[in-house]
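These protein sequences, in sequence, are chains X and W.
FYI, the numbering for the first sequence is 1 to 110, going by this note's numbering.
FYI, the numbering for the second sequence is 1001 to 1191, going by this note's numbering.
To be clear, the hints were calculated from the coordinates, so they are not data collected in a lab.
Glycine residues also receive a C-beta, built at the ideal position from the N, C-alpha and C atoms.
Careful: at least some of the hints might be erroneous.
[Claimed, not checked] SDA-like, lysine to any residue: derived pairs with alpha carbons at most 20 Å apart:
(1) Lys74/X x Ile1006/W
(2) Lys74/X x Val1005/W
(3) Lys80/X x Ala108/X
(4) Lys74/X x Ala1012/W
(5) Lys74/X x Pro1004/W
(6) Lys90/X x His12/X
(7) Lys57/X x Tyr6/X
(8) Lys74/X x Glu1029/W
(9) Lys74/X x Val1080/W
[What the hints assert, rightly or not] Residues from chain W shown here face chain X by an in silico Cβ test under 8 Å; the list is partial:
(10) Leu1027
(11) Glu1029
(12) Glu1030
(13) Ser1054
(14) Ile1055
(15) Pro1057
(16) Leu1058
(17) Ser1060
(18) Leu1086
(19) Ala1088
(20) Glu1090
(21) Ala1091
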Amino acid sequence: MAKGEYLGEFEHLVLLAVLRIGDGAYGAVIRQEIEAATGRSPAIGAVHATLERLERKGFVSSWIGEPTAERGGKAKRHFKVLAAGVAALKEARKTLERLHAGLSLRNATA
Amino acid sequence: MTPPVIAQALLAAAAPAGDYDSVAGDLHEEYLHRVPIQGVGAANRWYWAQALASIPPLLSYSRTQRSIWNGLAVGAMVVVSPVVLLLATEAINDTIRVTCGGGHCAAWTYFSADWTDAAVFGALLAFCIRAGGVRLVLVSAVLLVTAIVIPTLLGFSSRLPLTEWLLLFGAVPAMCAGASTYQIIHRRSEN
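Produce the complete structure using the sequences and hints provided.
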């Protein structure tokens, strides 16, 4: 796997959130999904910057929706995970499983 | 119910032109959900925190393609433009002094020249960040400070008079205004 195809920690979270939400994933709900799962409250700017990076890597695609009144007349940018994104998630999971294999964390100390 | 206007303006100055609507719309939507649950004060504080925390990541990316030549051009612009602006301001100030017949001119004439200078610099900075990325601009700015500003400052006395402080504090909002104006014009030209 080339260097640019690896997922950073936050990229991993964002990609999983988009996949979990499925159709209709956009910045605000992706941010809320991450907040609900991790307890962290990421900045919306960080979510959008990460989504742009994932789009450049070919892991997600995006398109602009219609403006709505509840968003102050501003349009949504919708996101969808592409096949390369799913492959990157599978690879990341395999890597973690390989590293965890045979490892006991019960008595591990820093 | 409207989110804090200044926080919105900061967000507008930082967000890439093509992404401002989606970023600000996402925040607006969450803000409206929070107001009836948490109250206006808490929702405003949440909006401010989100807007401020969003500025660095939003400045760090652009949807436009970047090349080495583009990077070199932007780097050169960051280093050269403040020097050119400084020289231009000095020339304008000299002209004002000559126009006043060598006597004391009203302070606002000098302030307006310097604040205009700062507004132009703010617009240039916004352009450079958008075109070349925040890292490149930071590296170029560090180069500029190390090579030009520090040696220049060492030649000055450590205590600045009141008028100099006024100039400095006026320059910051003027720079922000310049940066915001650039973003608004850029956004309109893209739509």
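Checklist entry - CA of Lys74/X to CA of Ile1006/W, is that 20 Å or under? => result Cα-Cα ~18 Å, so holds.
Next on the checklist: Is the interface hint satisfied for Ile1055/W? The criterion is a beta-carbon contact with chain X at less than 8 Å.
Outcome noted: Given a least distance of 7 Å, the restraint on Ile1055/W holds.
Item to check | Pairwise hint evaluation, Val1080/W against Lys74/X, where the allowed Cα distance is 20 Å at most | outcome: violated (38 Å)
Checklist entry - Has the given pair, Lys74/X with Ala1012/W, been kept, meaning a C-alpha gap of at most 20 Å? => result holds (13 Å)
Item to check | Proposed proximity, Tyr6/X with Lys57/X (alpha carbon, max 20 Å) | outcome: holds (10 Å)
Checklist entry - Holds or violated: Glu1029/W as interface residue toward chain X, Cβ cutoff 8 Å? => result holds (5 Å)
Checklist entry - Taking only the CA atoms, is the gap from Lys74/X to Val1005/W under or equal to 20 Å? => result The hint holds at about 16 Å.
Next on the checklist: Would the hint linking Lys74/X and Pro1004/W be met if the CA-CA limit is 20 Å?
Outcome noted: holds (16 Å)
Checklist entry - Measuring from the C-beta of Ser1060/W to each C-beta in chain X, is the shortest one below 8 Å? => result holds (6 Å)
Item to check | chain X contact restraint for Ala1088/W - C-beta distance below 8 Å | outcome: Since chain X brings no Cβ nearer than about 34 Å to Ala1088/W, farther than 8 Å, the hint is violated.
Item to check | Hint validity - Leu1058/W Cβ closer than 8 Å to any chain X Cβ | outcome: Since the shortest Cβ distance to chain X is 4 Å, the answer is holds.
Item to check | Given hint Ala108/X paired with Lys80/X - CA-CA distance at most 20 Å | outcome: violated (39 Å)
Hints 3, 9, 18, 19, 20 and 21 from the list above are not met by this structure, while the remaining hints are.
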